[in-house]
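Protein chains: 2
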Amino acid sequence: MHQDKVRVVFQPYGRTVRVPVGITVREAASLAGIPLEYPCGGQGTCGKCRVTLPGAHSQPTPAELTLLSADERGAGSRLACQTRLHEDTTVEIPESSMPLGKNQILAGRSAAVSAAADPPVRPVPVTMPAPTLTDDRPDAERLLESARAESIEPALLYELPGLLRGHDFRGTAIVASGRVLDFAGGAGEPPCLAAAFDVGTTTLVGELLDLRTGAIRGFASRMNPQTVFGDDVLSRITYASRGPEALREVHNTVVSALNDMLAEMSAQAGTPVKCIYEVAVSGNTTMEHFFAGLNPNALGMVPFVPVARRGLNLDPGRVGVAMNPRGRVYVLPVIGGFVGGDTVAGIAATGLEEAERPALLIDIGTNGELALIHNGRLSATSCAAGPAFEGARISCGMRAAAGAIEAVDLGDDVQATTIGGVPPIGLCGSGLIDLAAELLRKGILQSQGLFLTRDALPGSLSPALRDRVVDQPEGTAFVLARADETRSGRPLFLTQRDVRELQLATGAIRAGISILLKRANLEPAQLDRVHVAGGFGNYIRLLNAQRIGLLPETLREDQFSFVGNTSLEGARAAVLSLGARARAEAISCATRHFDLSCDPEFQTEFAMAMFFPDAPPD
Amino acid sequence: MHQDKVRVVFQPYGRTVRVPVGITVREAASLAGIPLEYPCGGQGTCGKCRVTLPGAHSQPTPAELTLLSADERGAGSRLACQTRLHEDTTVEIPESSMPLGKNQILAGRSAAVSAAADPPVRPVPVTMPAPTLTDDRPDAERLLESARAESIEPALLYELPGLLRGHDFRGTAIVASGRVLDFAGGAGEPPCLAAAFDVGTTTLVGELLDLRTGAIRGFASRMNPQTVFGDDVLSRITYASRGPEALREVHNTVVSALNDMLAEMSAQAGTPVKCIYEVAVSGNTTMEHFFAGLNPNALGMVPFVPVARRGLNLDPGRVGVAMNPRGRVYVLPVIGGFVGGDTVAGIAATGLEEAERPALLIDIGTNGELALIHNGRLSATSCAAGPAFEGARISCGMRAAAGAIEAVDLGDDVQATTIGGVPPIGLCGSGLIDLAAELLRKGILQSQGLFLTRDALPGSLSPALRDRVVDQPEGTAFVLARADETRSGRPLFLTQRDVRELQLATGAIRAGISILLKRANLEPAQLDRVHVAGGFGNYIRLLNAQRIGLLPETLREDQFSFVGNTSLEGARAAVLSLGARARAEAISCATRHFDLSCDPEFQTEFAMAMFFPDAPPD
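Heads up: the sequence lines are chains A and B, in that order. Using this note's numbering, you'd call the opening residue of the first sequence number 596 and step up by one each time. Using this note's numbering, you'd call the opening residue of the second sequence number 596 and step up by one each time.
Calculated from the structure, these hints are not laboratory results. Treat the hints with caution; some may be incorrect.
[Unchecked claim] Computed beta-carbon distance windows for the label pairs:
no.: 1; chain 1: B; residue 1: R952; chain 2: A; residue 2: P720; range: 24 to 30 Å
no.: 2; chain 1: A; residue 1: E754; chain 2: B; residue 2: R602; range: 51 to 57 Å
no.: 3; chain 1: A; residue 1: P724; chain 2: B; residue 2: R837; range: 24 to 30 Å
On a predicted model such as this, the values are computed, not experimentally measured, just so you know. The C-beta atom is built at its ideal place from N, Cα and C for all residues, glycine as well.
Next comes chain A alone, as it looks inside the complex (with noise of 0.2 Å):
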């Protein structure tokens, strides 16, 4: 049989696609919503789109027998914009490829979703002819009846006149689930596109996409500036709760940032940002009350109670959105005061709702939210499990961007790993799980959190470790890249404080998970699933999360996956597609929802997972 397709697949996002034989791995990245950076216009002269695959393609080119060494290029490595593909492959884009800010995890179902059939908002190529003494049909009729849609945006009413003739009743119409919402005159392509937010506490990131093809046209991501009003929800509700100014204030500094992104992303695509026609936003319950601007009052006090639970379908006007104004914007639908959108959008990303065994799904997050499957029934819960995990309150801590530690092992001496190989700046979320997995391993660090002194280290300690505990002040800690490695000439230290954040979060997300699995009448063993999801890191250890006790230890590697940032994830299904919103609904409809706060149990649990499970030192 000839085969003229051959699937590739895309690491580490995840993503598989079937092109024709023969096209370049730039173009398959392209359909696969990939983003490279080509700043030589694929031109094959500067080397930037360094990807490496396996497997019989296209002769190196003259570029890439220039540009890559014969060592790169036995070890599989090729320019995207040069090679041809030839056969079935796994394509491995190094963070040194990404575009700058790009490593956030985009992991999951993506590819399904670009194939949406159901996007909320679509273009329409239309040809009308123009009025006569025999066809006196109105505009709109005119629009309606070309464009197939059922009603026009009244908005638009007032420019169609000029717009159809000065096109020549000639262009494309915008059309949202039957509804006229724009009409770009002209014969080409304008563009159509979306954007699809994750509005965490302490991190924004987000995703510009082609509402034609489902392909990633821009990316940004960012510090939340409403850190300014307090680290966690509840600060910030506090903030809020002051009065209508005060919320406008927390509203606002959101939108900016996150219209300032949109222009960004726009940028990078080359497009205005009037082509941006939907907006989804998922978040915890907290983050979509402050970007919709709704009154979040009753969420800062028992019961906690959201003020709507249902998505939101926005004017962008009314928030604020620097978007095409007749666009919308939606936000994600929660399931309760402190469990948001982003767990709906962790559900629907990893199935969960349609598991037939127990399963769990564990966002780790500043507002870290747990939900369970068993026996069919959803339910759900959340942790204040504060920023340690996303960099902040950690005193050399970052978020998952280039430089920032992912991975640490401790053998003579410190072997650390950066986000795009470029020296340390800062230790992220999967750095940090590693590196206190390691300190308790090596005894340099206690069960209840205590670093030991120097002088009390264990005598089996390599001298370069021990050399790396140092005695100050304020308490002992541990030099993790000494001066000289680090980018700004600083050492990076981990301090006891440090460590003390690490235990309040872990503590609060083991005790969330304790808790949850014991009203199941469930064992960690009895799960057929554990979901970890959330944008600290390119991945977790398994035996390191165990090891500081974030992760029950009877886990076994195959009950886990590690998911990445499934909040943007379901952000990006709902702008491409309708029934990915229909699903968020009805998962949020049909998750039970738990109020930790108000289980005595929990402070107990609490208390105990803040310590590390003991454990003899390596």
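Use these hints to put chain B onto chain A, whose structure you have.
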């Protein structure tokens, strides 16, 4: 069989209600949506609610014995606030009992509409449980469940937490098609109102309606202040086509007049304008475009293309209407460039679209509109009649309001009847038709439209009438009212120029009728019914309309009915009934539009119809 209900017809409104035996005329009028004034609060002390009704009802009360003479009582005069109904009857409401300015005819099918079971907006009393630890449902879910609604207006979410908690989770939800628009806290019945407008080229008429009962709570009318931009639609289109600034000026002019009327009617009802949740507007296509603020340029040039045909659902904020900002503004669908929502309303009000035999609707206004049903097919056209029938461009012309001469007979001298029975102020459309017909009969006016000079008057003319013919420098004129007979102390003339204006109006409408019938191969005698609509008076005399050539001579009295202001009636139906809207959309869609301006026959017919028919003087 025990009869516990009586049937009451209110005239001249033509409204019928069935009400319990023993209720007062006042209560029955309220149920029928008939406006009456009770300055004394219904105490029977002011005598302002005088009505006439035959039959054996309650005995006259002491108040009636004091305020009504024995003669008046003998003629059936009663006070509406005192008299209790004991049997089927017809209540005549004299002009003097109608609130000032409320003398526009409210004809037709209104009682049916008042009882509509499908209002676009309805108030739903709700009582919700307050949130508890075991019931942490969001505010919106709580309200939706209690109001049995499906969604909630996002703007309401912003106030919901405060509104619910401020009124112990009890109040009234205002629901539009399953969508909660508003929440009024407390145990009472908050006002829930709608307004209907006929936006004519020359005259604006509005009604304030109770959405619970359909009763009329207020009434207002005034000249359309857009006349400063021109008397007819084309001159206003020309003005507005200068640019966006000019269009905004024309738009704002009518919207502020309607806002004044909303305020005036709200004051009559004693309710704030924010209790108005629906507004419907009916008018010709140009008036509807101006009201909505839509670009009228294409309406001003061949082939006269409207921006939209279907009804518009607009945001009050976009149009600038001062009502509840979460309410909606509905603009009736149109048929073509010069056949608007007023004709759609007229077709609906007269049931023209269901007629099995040929029937014609003639809506006499500044823009005359004609609709014909024949063999189940609707067609419509329009003709620029000018504002003569609404009193503009006539030297002593005025709209049909108190003090307007609405009927004229010439016996030996002028016998004139004014609206409200007060001294004459001017002449309205129905009076103009009467006067011209009588002048023709008396031979004072010739069929070409020329006044005979005083010397040339027929010898048979009475001295009193002869005295009223005056030769002035601008031509011969007829003194309709002498200086000592009018309110202002200035005489009222009908001048040669006035007659020319009437000829233009009559000729245009008559030519339109001729061509519409000719295209359908119909003779006037084949028409089963001719409905004449318009706001130019309280009635029309067929013989006089025929004498001046406005209506075909072969038309019989039994074919003819005067249906009053059907445009207002259509707007009223649209604010009270979704079914009425659907019917209007269906009529708009089903009616074929003829453009007379492109018809070479029209100019010939028009020129011929300009002459009054030859007929022997009395």
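Now for the hints, and whether the structure bears them out:
1. R952(B) / P720(A): 24 to 30 Å: 47 Å Cβ-Cβ, so the 24 to 30 Å window is violated.
2. E754(A) / R602(B): 51 to 57 Å: Holds, since E754(A) and R602(B) (Cβ atoms, about 53 Å apart) stay within the stated range.
3. P724(A) / R837(B): 24 to 30 Å: holds (29 Å)
The structure is inconsistent with hint 1 alone, although it conforms to all the rest.
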